[in-house]
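Chemist: Residues per chain, in single letters:
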Amino acid sequence: MIDTGNARCLEIKDVSKKFGAVTAVDHLSLYVEQGQIFSLLGPSGCGKTTTLRLVAGLETVDQGEVLLNGKIVNDIPAHKRECSTVFQTLALFPHMTVEQNIAYGLERRKVAKKEIIRKVARMLDLVQLLGMEKRRPSQISGGQRQRVALARSLVLEPKILLLDEPLSSLDRKLRKEMTIELKRVQREVGITFLYVTHDQKVALSMSDRIAVMSKGKIEQIDTAQGIYEVPKTYFVAEFMGAVNIFRCRLASRSGEKMYFETEEGMKILAAMCTGVCAEKATGISVHPELIELSPIGTKIANKNVFKGKIAEMNYQGDCIEVKLAYHDSKNPITVSLSNRIRGQSLYKVGEEVLFHWEADGSNVLTD
Amino acid sequence: MGAVADTISSKRSSKITETRRQHHSGKKIIGFLRRRAYFPYVGPLSVWIILFVIAPLGIIIYYSFLRAGPSGNIIAVFTLENYRALFNPTVRVVFLRTFLLAFLTNLICLIVGYPIAYWIVMYGGRWKHRLVFLLIMPSWTCYLIRLYALKTLMGYSGLLNAVLLKLNLIQAPLQLLYTPGSILLGLVYAWLPFMVLPIYASLEGLDPLLLEASSDLGANSFERFFTVTLPLTKGSLFVGSLLVFIPSLGDWLAPLLLGGDKVLLAGSLVEHYFLKQGNIPVGSSLATFLTAVVLLALYVVIKFAGQDALERVL
Amino acid sequence: MKGRKVARSVLLGISVLSYIILWAPALVLILFSFSKNRFGIKWEGFTLEWYANLLSQPAAMDALKLSILVVAIAIVVSSLGGTLAAYGLYKYQFKGRGILRVVSLLPLVMPTVVTGAAMLVYFTQLIHLRLGIGSVIIAHITFTIPLSTFVVLGRMSRIDWSLEEASIDLGANKVTTFWKITFPLLLPSIFASGLLIFPWSFNDFITTYFVAGVGVTTLPIYIFSQVRHSTTPIVNTIGAIFIIIPLLGTLFTSFFRNRKSAQSRSGHD
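If you're matching them up, the sequences are chains B, E and S in order. Using our numbering, the first residue of the first sequence is number 1, and each one after it goes up by one. Using our numbering, the first residue of the second sequence is number 1, and each one after it goes up by one. Using our numbering, the first residue of the third sequence is number 1, and each one after it goes up by one.
Keep in mind the hints are simulated off the structure, nothing from the lab. In this text, all values refer to a predicted model and were calculated from it rather than measured experimentally. Worth double-checking, as some hints may not be accurate.
As the list claims (entries may be wrong) - Here are some chain E residues pointing at chain S (derived, C-beta under 10 Å):
#, residue
1, L110
2, T141
3, C142
4, L144
5, Y148
6, L249
7, L290
8, T291
9, L298
10, V300
Glycine residues also receive a C-beta, built at the ideal position from the N, C-alpha and C atoms.
The task is simple: from the sequences and hints, build the whole structure.
Modeler: See below:
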């Protein structure tokens, strides 16, 4: 493992970057600890790639500081920074073999030939590409090219590895495999990863910590579980799939329970939540998979229970997505029913049902 | 009654077999054409090329092996004496001079052309296209006029000498014309844009992420150029060289206007034998020799740079 | 980085110098087309008399007309043949495709002396075609048809061919599809090839000189005779026109193009 004393691996302090009239990164601050996999998650245009490029040195900051291992690197050009980038399009040199691609950075550092051969061989073994040394990028598959790009950057033993959506061009199956690969390699090598992606699933499965970004700013930094289960802002909630969002205010408290009320008079139950001042709360989000359906007349206590009418049912394989119309809510309620019991078609479109969820499924949001 | 019916039916059946036979051969032709749907498209071009490119060249090669008659006619006797003319000392000197000049032109265009193309692509920004246009534009003028302009500029009493005299940089006017050097300058002046164009196109098509990856992996600007940029644009150097070397070989106007007919190049010889002397066989042998050189150069370029690179320039 | 700065200035220096060298003769020519002086290089006063003189020279005007005629025919015939050929080369794989591509390059790559001489011999000795306007036109088509072919071919990959399929799917036959869909799609490329054919054919001297025979004078041939026996600076005048007109043309088209591109902008991530 790499020992850097007390300094954090990467620290970004109040960094901004503009392109003409467009502010890509807006007073951003974050830090990444040694050995972590840290993801920047957000839709396209949110500034995550720009942030990555600012760390790599491929763009210069307008204001603020970028620190690698405690040292300010603002003025250090890209080829001298101790970080390495895996590009979205991989950018493998088409006129060089796999071997030569991986050896490139080492050659620039004037490492001895014998040492280069040894390191390249070890890297090929690590990413499981032994036997492909003499091939050109055009002669290997997409997944193999990914691994070459990874090997090329890793062989330089950078302080931090920057990955710009490296899996976006792969199909789903390959993406899942490569995600596991990346994690495995990271654990083995212990290098810090800064990972940029727009894919929630990848971010959730890979990261130690996630920063959700929007319009150049950070919405929330938390663990994967925190981001998914306790989103703090409307943007994060919607981005992570908690599409059932109710605008409401605290109406009353009773022991450990809080009651919120929407404009339309809908009363929502939420459990006591830490870290959020209930008085400041402006809304509640609920993930679709936490809502259950029951026939009218079922006795349900101590939960949020409402009556709604099924508007749509979409079969998704592992689950069935149901959209309900509820008279006190403008938007449809989305429910994700697990398809654990096959062949069962309990409900039909147009039918009236009860939908309900536990108090601790209500997640409090603030503006 | 039966006999009449028989004759009518037999006539009808023979007519049917007759039409069937015609139909069958017509079908064959249609089938032939249908399998070759590309005929109507590439047909016109192919026919034209055969009639007016291959045939003329063929005829020249053919005539180069025939004997020249005393009154300008051609005797159909196979001979190699025309090719022996190539080894004639005067002719040899001319050819050597031609190749040397063409080679030097090529070299100078490479050395000067690549930096220009690089500068336009890397530092041109929004003005890139306009800069390239500005470079190509003089080439759109008639070659004759361009050489003439150059000649008046470099003449004994030309503008260049006048300016230099006035600035007191020289005491007496320089003899700038009528030397091989002036032809060299004329050739570079004429063909430099054609070296820059393919190099520019190639540099433009370079994936900028490859350059970023190179920097990211630790290469400084110089290393980046020699390990990534140059190798990936290698093909354009071949294409550019082709577009400079070959015209230089056959050029006849530059030696005429700038060399004053005192310094001859291969092109001048060809013109001389065909138009002035009317000696077709000897002229043909010279032309065939040049053709052979051109085809060789073309082969080398296509082998190393690929035909697409060549076509893309257009 | 000092090395970088030095390299940058060297690049700049070479480029600027080259531009100057490339444009100096042309600019001087334009300048002196307005000079009163007949011979030398001394500037003696501004005048347009040479331009007026040019217009009253029947030989020059006839030469101009002939050049335009030849170019016009070359453009029409070559665009047609070249586009068809490009279409065939792009869409179909057939034996001899590679050979055709290489051989089609020959007229463009061969030295003009060789092609000129070859055509001369071919016309006079083999097919006994009398040298004249016809032979000139044939020669011009010969070297412009490959030009058209390759320019259009080069742009074929950028065209959305699914439009052709949509047309057939909607019930049009092949001929209708070609005229209503394919041809309009290819029009920009044909236009571009025309733009290239024009100077190539209009300015051609050497090949034309070989096959023109007596009495057929295109503009370049006229200029040549003037250069050899020049008494008036008419060459300056013609040359100046040659330079100024394309310059104006490109300025005009680039202005036109800038207006169009100003309508589309893209953002940043």
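Chemist: Hints first: check each against the structure and report whether it holds.
Modeler: Evaluation of the provided hints:
1. Taking 10 Å as the C-beta cut-off, the interface hint given for L110(E) is violated, the closest approach to chain S being about 12 Å.
2. Below 10 Å, beta-carbon pairs count as interface contacts, and T141(E) has one with chain S at about 5 Å; its hint therefore holds.
3. Here the hint on C142(E) is kept, as its CB sits about 4 Å from the closest CB of chain S, short of 10 Å.
4. Annotation: L144(E) was flagged as interfacial toward chain S, and the flag holds, the nearest CB pair being 5 Å apart, inside 10 Å.
5. The closest approach between the C-beta of Y148(E) and any C-beta of chain S is roughly 6 Å, which is under the 10 Å cut-off, so the hint is satisfied.
6. Among the interface hints, the one on L249(E) holds; its C-beta lies about 6 Å from the nearest C-beta in chain S, closer than the 10 Å criterion.
7. A cut of 10 Å between beta carbons decides the hint on L290(E): the least distance to chain S is about 6 Å, and the hint holds.
8. Given hint, T291(E) at the interface with chain S, holds; its Cβ is 6 Å from that chain's nearest Cβ, closer than 10 Å.
9. Because the smallest distance between the Cβ of L298(E) and any Cβ of chain S comes to about 6 Å, under 10 Å, the interface hint for this residue holds.
10. Evaluation of the V300(E) hint against chain S yields a violated restraint, the C-beta minimum of about 12 Å exceeding 10 Å.
Violated hints for the displayed structure, listed by number in ascending order: 1, 10.
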